[in-house]
Amino acid sequence: MTTLLAPGAAASRRRIWGIILRDFYAFRGNTPRWIETVFWPTLELIIWGSVSLYLQANAVSMAVSALLGATLLWQVLYRSQGELSLAFLDDIWSRNLVNLFVTPVTVREYLAGLVLFGSFKMIVSATAMGGLALLLFGFGLFGMGPALVPYMVVLIVMGWALGVFAIAVVLRFGASAQVLAWILSFVFQPFSAVFYPLSVLPAAMQTASKAVPASYVFESMRTVLAGGAFDWAALGIAAALDAVYVALALGFLAYALRHARDHGKLSRFGD
Amino acid sequence: MANVTVLDVRAIRKAFGAVQAVDGVSLRVEPGEIVGLLGPNGAGKSTTLHMVLGLISPDSGTVRLFGRDPARNRTEVLSRINFAAGYLGLPGSLRVWEVLRSFAFSYGVARPAARVDEVIELLDLGRLRNQRFRELSSGQQTRVQLAKALINEPELLVLDEPTASLDPDVGDRMRELLLAQARESGRAMLITSHNMREVERMCHRIHFIAEGRIVAEGNAEQLAGAYGVADLEEVFLKVARQ
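Protein chains in written order, with numbering that gives the first Met the number 0: chain A, 0 to 270; chain B, 0 to 241.
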């Protein structure tokens, strides 16, 4: 008889590692995914870098740093959400979801595996973009100083929450809802004040933006790049909103799983 | 293995809207026993299996695995069982050894590399070890599915049409392998199949299910006798056409 690890933390770590390995093998063996990890961020960087150089040449101050900083940080949020959702969709497309749900891997362990490997891919992507921004446009991401770390943490956690929410929507409404996994972060983009200050939005949208953690990050980023002080209060609000987003996403996921088991929807992901 | 009833299903029911998919099914599987669940398409076989596996919640009735409620002891119970079905896939871009290794980790196997080697040898997958799953023929994919299903040396193996896409030669060898697994390791199995000869050869007991209900139960000879026919195939036809 094969010895299984005794129940406990070591067995849990082993199961999480199983999810990470699976994603790593899938990533390693999929050249288009490697290219995609770097291609789209690079394309965005070149477009916005060029636009900002043009604006700067026309005496619009701070254009390069604000737009490039926004482009890079937006990718952090987008990638965090996308990597989580995509890993789950891979299991649907390969008809592997049922195999996964009959393993002893818990939902918490599954998400932990997706988050850890997704973070690795996001770091690869952000590093490549940061290097290119420096090389092509002379913009150093670390020019934002120590503020960069909390900014990234807030955006990563928001991305994870949206990723979990997208997974829950697909579980609840079926594979036909998978388009949401691609567009969800873009639904939040206009309210996140990524490329413009909050003040230019219509009043109703400004109010909605106050409920979006990313809007505090991008507003604060522009202040810091303009030489202003880091706004700790804004960061605190963003972190609190992140906690609410995560709690809501996990709550919706628990409901979606219960609903899927009650209505036989998990089984249908094997069809 | 402890001599506890492996699977004890009592009066489970499941409706999807107006359709009563499973209507009071009860069955038991003891250690080392191979139990078949037969019936026409749409009879409720897969729904029953999926309730055993926790993929579908029963509306009423109970499922006990190793004497425990799987809903409350999910991780412990699922680490002792495994599942393979002809209609499932595995990550296509992974090589065969990568698929098996990631599942070995997911089941908490203590020596994953050694166990992967063992099941690769057991299922005669040595030549396919470095092939990507999506590049395999359907028969080869079925063998990898079976290897995955044996990765944790489960005490209960749940198989939904396990040999459906295998040619007669490979199908026969897989049946031999599964029988040896039951004989030598005391591994219990719950199987659905439309291959009546396979069921006759493998199963100690057979449950016929129609319109969500168990309508007959016994070994192949008993069932043929009860229906006054020569073999299981004719029993199936009678049940399906009733």
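Everything labelled a hint here was simulated from the structure, so no lab data went into it.
What you are looking at is a predicted structure, and each value in this text was computed from that prediction instead of being measured.
Backbone N, C-alpha and C define an ideal beta-carbon position, used for all residues, glycine too.
Fair warning: there could be bad hints in the mix.
Short derived list, chain B residues pointing at chain A, Cβ under 8 angstroms [what the hints assert, rightly or not]:
(1) 89
(2) 97
(3) 126
We went through each hint and held it up to the structure:
1. 89: Cβ of residue 89 (chain B) sits 6 angstroms from chain A, so the hint holds.
2. 97: Status holds, d = 4 angstroms.
3. 126: 19 angstroms, violated
Figure legend: structure checked against the earlier numbered hints; the only hint not met is number 3.
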